[in-house]
Each structure stands twice: as structure tokens, then as C-alpha cells.
Amino acid sequence: MGYAAPLIGLSFGALLTALGLALWDGIRPMPRLARAIRVIRWGIGGLLLIAILLLWVTGGSALVFSLVLMAAIAAPPPHQRPSPWYDANTLLPTLVLTGACLFLITGLVQTRGDIASSVSLAAAVYGGLAARVLGEALGTLASPGTPISRLFDVLYLLLTLLVGANALTTLWQRGLVWEGNPEQSSLLGAWLVWSAAWLSPRERPRLRAVLAAVAAMQLVILALGMG
Amino acid sequence: MVTQTPSAPGRRDPWRLIWQIVTSDSLLVILLLAAAVGLLIAAWVSQAPTSNPAAYARWLSETQARFGGATQTMQALGLFGVARSFGFRALLALLGGILLLCLVECGERTFSDADRHGVLDMFPLLAHGGGLLLLIGLVIAHLWGWRVEGLIVRGGERTSVPGTASWVTLDGDTLNIAHSAGIAAFSEARGPGVRINATDAQGGPLALQRAEDDPRTELTLAIVEDQLLAIPEAQLIVRLALQVGHPIEAHTPVLVQVYCYPPVRLETEAVVEGDTELTVDGARLHFTSVPYARVTATFNPGLWPTCIGIALAAVGLGGRIVWSVRRPKAGEEG
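Listed in order, the protein sequences are those of chains A and B. The number in the numbering used here is simply the position in the first sequence, starting from 1, with 130 added. Numbering follows the numbering used here, in which position 279 of the second sequence is assigned residue number 264; successive positions increment by one, without gaps.
Note that these hints are calculated values from the structure, not bench results. Every residue gets a Cβ at the ideal spot worked out from N, C-alpha and C, and that includes glycine. Be aware that a few hints might be false.
[Claimed, not checked] So the derived label-pair ranges between C-beta atoms look like this:
hint: 1; chain 1: A; residue 1: 176; chain 2: B; residue 2: 11; range: 38 to 46 Å
hint: 2; chain 1: B; residue 1: 42; chain 2: A; residue 2: 302; range: 31 to 39 Å
hint: 3; chain 1: A; residue 1: 255; chain 2: B; residue 2: 10; range: 27 to 35 Å
hint: 4; chain 1: B; residue 1: 188; chain 2: A; residue 2: 355; range: 54 to 62 Å
hint: 5; chain 1: B; residue 1: 68; chain 2: A; residue 2: 176; range: 41 to 49 Å
hint: 6; chain 1: B; residue 1: 196; chain 2: A; residue 2: 298; range: 40 to 48 Å
hint: 7; chain 1: A; residue 1: 331; chain 2: B; residue 2: 45; range: 53 to 61 Å
hint: 8; chain 1: B; residue 1: 254; chain 2: A; residue 2: 229; range: 54 to 62 Å
hint: 9; chain 1: A; residue 1: 313; chain 2: B; residue 2: 75; range: 23 to 31 Å
hint: 10; chain 1: B; residue 1: 231; chain 2: A; residue 2: 150; range: 27 to 35 Å
hint: 11; chain 1: A; residue 1: 169; chain 2: B; residue 2: -1; range: 25 to 33 Å
hint: 12; chain 1: B; residue 1: 254; chain 2: A; residue 2: 302; range: 22 to 30 Å
hint: 13; chain 1: B; residue 1: 254; chain 2: A; residue 2: 298; range: 46 to 54 Å
[To be verified] A partial selection of chain A residues facing chain B, derived with a Cβ cut-off under 10 Å:
hint: 14; residue: 166
hint: 15; residue: 302
hint: 16; residue: 307
hint: 17; residue: 308
hint: 18; residue: 315
hint: 19; residue: 318
With the rest of the complex left out, here is chain B (with noise of 0.2 Å):
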């Protein structure tokens, strides 16, 4: 129920007035049009990667070839990260609490109003209500959420994402991921990788030694970039490198070189392609086509809040705007 307070007559009432103009659709036009130009910057302009330190130093280095001496300019302006930067931020909170005044304003006229017009009257409610929840998920999102990215997957292996009780696996076959409950797995690159293993002459495993891990008799490794590693007992390096020329997809053929030392010298090279073996020396060293990809695995417990907010915002401004359509001409107002 609303209760006006009879103020002076000429004599406007200054609360009422803020009021007027924090929930008029001006303001809203105003904070819609600085979060359009913000996110318009960071479409024009590439965003500074956040994931690790290489793709920065790449990053950076296209940047300033791009903009020269004005690089560090719009560094220190936050254009490279404007969905990080405070003032955006700050945006995006004016916005959830202009929309939470409008959505009062809004309901206090629709359920004091007596000339109702039914489920109309709801629209303008759904829109900023869905648009506040929608602003609510981001907020969850950003301060309980977390995103790991270029994590290397491999083939049949199950991968644990670091610093979480969170799992991804790759099938070899379909090379469809599959992945703990609770967070959202993407494939961003597919590439080769090849598992291997060295018998020597009598069928014994031989140990496979790579230069920060300890000896195995199996390794899976996916070919990111060229790989090497030892197999002391045979006196022999095996380095295994992307073809060049060939786009990097799951099952791109990888090369395979065998080097025997001392002297260091190249005894055989291959392409693995599915299963191969080599026999070097008396070794027979067996690779099996095993691809990997590159994934990217994000935990959002505003999920739900942010679906249901879009849900209700689309509803909300779709019933305002074909309202607004359907209505005669004569009489219409905003």
C-alpha cells in the first residue's frame, strides 16, 4: 500500500524526486550504454590473457607491434582487462542495484495498482528480476567459481584438475570428454600423442627415462611440442616431434627419431601413425597412437541463478517488447 505524505504546496519532496530518477529508464539507458562501450573495448581490443605466463609474453608482444608506443597507455586505462578492471565492475553493480530499485518500483505498482492488466504487468517484473538474479549469478560465479585452463588430457587416462577434487577424461576412441559432477569441460584443441614401450631382445621391459620424471616402463606423452627420452639400457634417444606441414589434429602423424649413443647418431626415424614398432639394436620399441586434448574446466556455482535469470530476463523483455508491438498506435506509451 502506498501512503503519500502531503508536503507543502510548490514544494517538492526531495526523496521522492532521487527516487523518480534512480528508477527511471534513463538511468538504465545510461548504464546499458557505458556497458555496451566497455565490452565493445574489449571486443576491439585483445584482452590480456590471464591463463599462464607464455600466452602472456605472446600476448604482449602482438599487442605492442599492434599499438606501438600507446601500449603502455592503455595498459595503465585497464583496456586490456576491462571485465577485470574496478570501474567495470563497479558497473555492473550499479546496474544490480538500479535493477533492484526498479523491480521495488515495479512491484509496488503492480500489486497497488487496481486497474491491473493481468500477466502484462508481470513483463517489466521478469526482466529486471531476471536481469538482477542474472547479475547475482555473475557475482557467485566470480567469488566461488574457479577456471583451469590448457590442461593436457590424454587418451583413456582419467587427469585431476590441480587444486580441486575435480576430474577429466578423454576417451581414445571417440574422443568425447567425460568429466566429474558439478563443473563444465571443453575441448579447446585436439593434437597427437603416442604411448610407448621397449622390450629388449629375451621380451624384458626396458626403462624409459624422461629428464624430470623418474624411469617407467611405459609412457604416455602427448606431442604439445617435440618430446625426448632415454632408454639407458639400450644406449638410445627417442625423440618424437609434430610433422611439419600437417595441421595438428587428434590423429596428425608424428615423427619418430631414434638416436644410439655414444656417439650420438640417428639409427632409424619413423612415422607412427595407429600402432608401430621399431626395432633398434635389438630393442623393439612399440608406439600406439594415443591423442590428447587441450581442455579447459570451470566450476560455477552461480550456474543455476544465472540459467534462470536469463530464462526470466528473455521472457520478461520478450512479453514487454511484443506488448509494445501489439498495441494500437494511438495512446502507447514506453
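In isolation and in its complexed conformation, chain A is listed as follows (with noise of 0.2 Å):
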């Protein structure tokens, strides 16, 4: 984890610094930052990605391993920009991941496991782009003229087809559909709100947006208890 945690540390340094730009674009509109700001966010993925081979190769916590994956993910820039408030909402759900991630590894809070098992890979990917949603929720929020992408549609169709399987096979093995056990009913609650979110109208993008951000966060929250 030695060698991952300095890309990680300037992960963390870059992305406030485009947090900053954004922020400073928004209050007085400069030429040119959003070019920055989206070079510095490819630069952030970059970084973050090498830092996921380093740890995949020198071995580490499964915890700190998911958080990289899902912040690499959601690190790049979304293909929309309306505004620079947009630009700055997008920013955070990947400034929470990599921070927590460097609060992990300076050792405050104890974590173990080795790395990830696939099943908590593909956790992690769904958690990563999940983030990308509640970045672009969170957006929304700040430009409510602006819609949420397809990627939003996508995981909802993903969704639905992991909690159907999830559903069948829990019920064939053990007869019941659900059992009630906590991450069962996560991920069932995860896909009420994302559903809820999907149904909710489109000409109310304020409320379309929170449900979204909801399920997201709890989706993000449910790969990371699978890390």
C-alpha cells in the first residue's frame, strides 16, 4: 500500500484544486478553466488507476482497494458541463471516495483483507459508476435544466436484472424471495429508490435528481460493505 498511497494523496490534492477552479469559474467566469478543469480530471483517473495496479500487485486492504476502483471510475468529467456549479457538484462524490481512502490507509482506522474476491470487484465497478450517477445528481441539483445521462438508465437496468436474479435464485434455493437478511434488503431497498427515481416525472428534475442521489449513495454505500 506504500507506494499506491502518495498517487492517492495527489489524487486527493488535484482534485480539490479543480474543486477550487470550479468553484472560482463559478463566481468569476475565466476563459478556458473548464478545459483545465477536464484535463486535471482525466489526470485524476490516470492517477488513480495506476494506483489500483500498484496496490492490485503489492496486496492491501480490500476497503481501501474498492474505494480507488470507485473513485477512478468516477473521477473523469461527465460529457456535460452546463454550468461550473455542475462541473464542482460532479466533483464530490470522487473527493469523498479519495478521501476516505486516504483516511484508511494513514492508518487511523484498522482494516484488513486482502484484495477483493470478484464478486467485490464487480461491487466495486457497480459502486464506482453509481458514484458517476450521484455526481451527475448531484449536478443536477445545482442545474436542474440539466438531465441526468443514460448512465442512469443503464444501472437501473442492471439493477433490476441483479436483484431479479438475485431474487430467483435466493427464492429456488430457499424457497422464500426474500429472507430479510440486511444486504438483501439493501439492495432491495437500493432498487425501490432507484425505481421510485425512474418513475418519479421529468418535468420535476429537482425531485428526479434527490431520488437519484439517494439510490446512488446507497448503492455506493452497499459496494462498499461488499469490499
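Fit the two chains together into the complex; they arrive one by one in their own frames, and the hints show the way.
Structure below.
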């Protein structure tokens, strides 16, 4: 974990810089700041990707690995940038994930467990995509005219298939659709909130964004719990 | 065929208004959110077990340690049994009713509209119909199904499920569960067990006696906890216990202690792993490892409606989502 720590620290610093630039652009618009923020975000994604490879090779906590993987997926900029405030809000999930990772690798909280199994890897990828949706939902709250991207629909489709497969498997193996264990309840709860967000009227983008943010945050927490 | 009664100008039909509200996506959103809140409470707050008093007592002490004085209030609010609460069941019933009305609305729109889009119009029908079928399956399971937890099944024996005609067996070698038709049986945990028989110096069988049972020449015990049995003819007491520090698995070694009486004194002890034979005061004790499984057996008569409902709902929802992703951005509708 020692070789990855400087990269994670650098990424966190770059994220703070990008956030600062986005806020500056919102207060006092300047040309080319948007492009600079995009370049920084891609750079952060690259740094975190290298950190992931280093963590994989050197071994370490599965939770830290999941956090870095999620942050790397959420880091790159979205396709649209209707306003600097949108940009700033989409940075927040990546910032929190990277910050949590830094907090863990400084040893203040003991983590254990080898690098992730395939299930928790898949969960981390899913969590990263959910973090991107969370960022877009937060951005929509700042710029209500901007719809959440198709990633929201794609993740909902994947979540529906996952929940459906989980329900069928549980039903076949144990004779019940819902056993009541916390993981299954969380997954089902997240799917219900996501369904509510998907069904909510598009004419009320803030409501849709709030529900999408809640659902995405649940998925991120669930994915971290599996890490 | 939809027929419309012409209403007075400026006067809205209240029944049409109520129909629009109950079949709207907004009401569905509210119900889904309410159900989500219930499930998330169930995920965060450990739910009270109903399987046996020992598990309930253990849960209660853990919950009181976690929530302290708020435990009674939370219990009164039904937070420790969300799925069993009247409120949650009423919510599901309401959701079922709304899905039925939505299904009627979708069907009316699909089959009466001349400007049809073919298979695309079937997706909402499938989604609503599948959801409704799933809820019907849950009701059937609740009313006519049963679930038995903590059933101890010893290797090589057929164990009847109490109060039913069903049975469960455990293969002693492969540790696979087999069961009668129509039920689902799942092994929650496995542990060590021992088959014991005893013979005297002439090779004649000795009776084995447990406190609650009649004497037998052979006993098979699941070492769920310390087990004691007596061999009165040889004046021996045998204690079987799990070894401290070993994980509890199917082939965990079992500690065997043999006491003679009177007075009670430890004659010998050994660790049983596979087949073991001990000789104490002329009596030969044969121990054979026979693992057990703690099984949960479930009978769900609503299994097929639930399965079909899930499949239909997934196809319907999936189709709607794919259609919403692929449609052009201009002129898109919810």
C-alpha cells in the first residue's frame, strides 16, 4: 500500500484544485478553466488507475482497493458541463471517496482483508458507476435544466437484472424471495428507490435528482460493504 | 372500447380524476419509496427472530445493548419486525391494488389505441402484471406455506419435518442435502456428530442411555452442545464435546471423555476424528464420525407464480428501460 499512497494523496490534492477552480469559475468566469478542469479530472483518473494497479500487485486492504476503484471510475468528467456549479458538484463523490481512502491508508482506522474477490470487484465497479450517477444527480440539483445521463438508465437496468436474478436464486434455493438479511434488504431497498427515481416525472428534475442521488448513495455504501 | 360520457363544460369528472390519481406514476413512486424505507429499516435494525426462544433471547440482549432505553419504543413501533407488521403488509396490499388498476389502465390503452407500437406497448403490461403476480405469490406463500428452521439432520438419516409429511436427509459422505418433493431445504451450518455403540468383553452389546431417551444399543448424536450418555451395565459415563479453539465444521474433531462411577472419575479421553475405538474396563466403545447439518426447510406453494412474476416484471421493466434509452431525445416521454 506504501507505493499507492502518494498517488492517492496527489489525486486528492488535484481534486481539491479542480473543485477550487470550478468554484472560481462559478464566481468569476474565466476562459479555459473548464478545459483545465477536464484535463485535471482525466489526470486524476489516470493516477488512481495506476494506484489500483499498485495496490493489486503489492496487496492490501480490500476496502481501500474498492474505494480507489470507485473513485477512479467516478473521476473522469461528464459529457456535459452546463455550468461550473454542475462541474463542482460532480466532483464531490470522487472527493469523498478519495478522502476516505486517504483516511484509511494513514492507519487511523484498521482495515483488513486481502484484495477483493471477483464479487467485490464487480460490486466496486458498480459502486463506481453509481458514484458517477450520484455526481450527475448532484450536478442536476445545481443546474435543474440538465438531465441525468443515460448511465442512470443503464445502471437501473443492470440493477433490475441483478435484483431479479438474486430473487430467483434465493427463491429456488431457499423457497423464499426475501430472506430478510441486511444485504438483501439493502439491495432491494436501493432498487425500490431507484425505481421511484426512474418513474418520477421528468418535468420535476430536482425531485428526480434527489431520488437518484439517494439511490446511488445507497448503492455506493452497499458496494463498499461488500468490499 | 372506451366510451366517454360528455360532461358539462368546465366540470371535471371526479371519478376520472380519482382514476388518474390512482393509476399515475406519482402514487406508485410514493408507495415504492414507503416500501424502500421499510426495507432499509429492516436492513439497519436487526429483526427479531421467530424461530426459537434461545435465538430470540440472544437477539434481545444484543438489541438492548445497542439501543438501550429506546428498545421498547422501537419495539412498540414495530421496527423489529418490519415484514410482519400490519403497516408493511397494508402497504404491499395497496401496492398490489394499484398495480392491478395500472394493469387495467395499460391494457385499455394498449388494446383500444389504433396507433399502436406493437411489442413496445406490451412492456408496461408485463411490468405491472409481473409485479402483481409476484405479490400474489407472496400472499399464497404467507397463507399456505411454512418454514421450519434449525432442523438437525444427521448424516445418513432421514429426518421428518415436524408437523408435515416432508423429510430431509444428509449424505454422510458428500454432505449433500436431499429432500422430499415440493419443499426447499438449505443447510445453514454443518457440524460434527458421532455414532456410538458399545460391547462388553464377550462382544455382547451394551445399552446406551441418555436422560430423555430409552436405552439403545446404538446412538447417533449431533454435537451441537456437550452431550452426556451413560452405559449402566459398565458403570461408565461418556461426555462428548467440541474442542475449544477449533472452527465448527462437519469433520471437526470431537473430544470424548469417559468417566467411571462410583465415585465419578475420569478414566480416559480421546479425540474422535473418523473411526475411533476405546477400551475402558473391558468395555469397548466404538465411535464413528457422522456429521450433521442444521437445515431450514421451506414449503412455498406460491413458488411458480412468484418465479413467473419476477421474470415477467424483469422483462417488462427491462424493455421499458431499453426503449427509454434508445428513443430519440427530442419528443421523449416518460
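We went through each hint and held it up to the structure:
| no. | hint | result |
| --- | --- | --- |
| 1 | A/176 / B/11: 38 to 46 Å | holds (44 Å) |
| 2 | B/42 / A/302: 31 to 39 Å | holds (33 Å) |
| 3 | A/255 / B/10: 27 to 35 Å | holds (30 Å) |
| 4 | B/188 / A/355: 54 to 62 Å | holds (60 Å) |
| 5 | B/68 / A/176: 41 to 49 Å | holds (47 Å) |
| 6 | B/196 / A/298: 40 to 48 Å | holds (46 Å) |
| 7 | A/331 / B/45: 53 to 61 Å | violated (45 Å) |
| 8 | B/254 / A/229: 54 to 62 Å | holds (57 Å) |
| 9 | A/313 / B/75: 23 to 31 Å | holds (26 Å) |
| 10 | B/231 / A/150: 27 to 35 Å | violated (57 Å) |
| 11 | A/169 / B/-1: 25 to 33 Å | violated (60 Å) |
| 12 | B/254 / A/302: 22 to 30 Å | violated (45 Å) |
| 13 | B/254 / A/298: 46 to 54 Å | holds (50 Å) |
| 14 | 166 | violated (29 Å) |
| 15 | 302 | holds (7 Å) |
| 16 | 307 | holds (6 Å) |
| 17 | 308 | holds (7 Å) |
| 18 | 315 | holds (4 Å) |
| 19 | 318 | holds (5 Å) |
The structure shown violates the earlier hints numbered 7, 10, 11, 12, 14.
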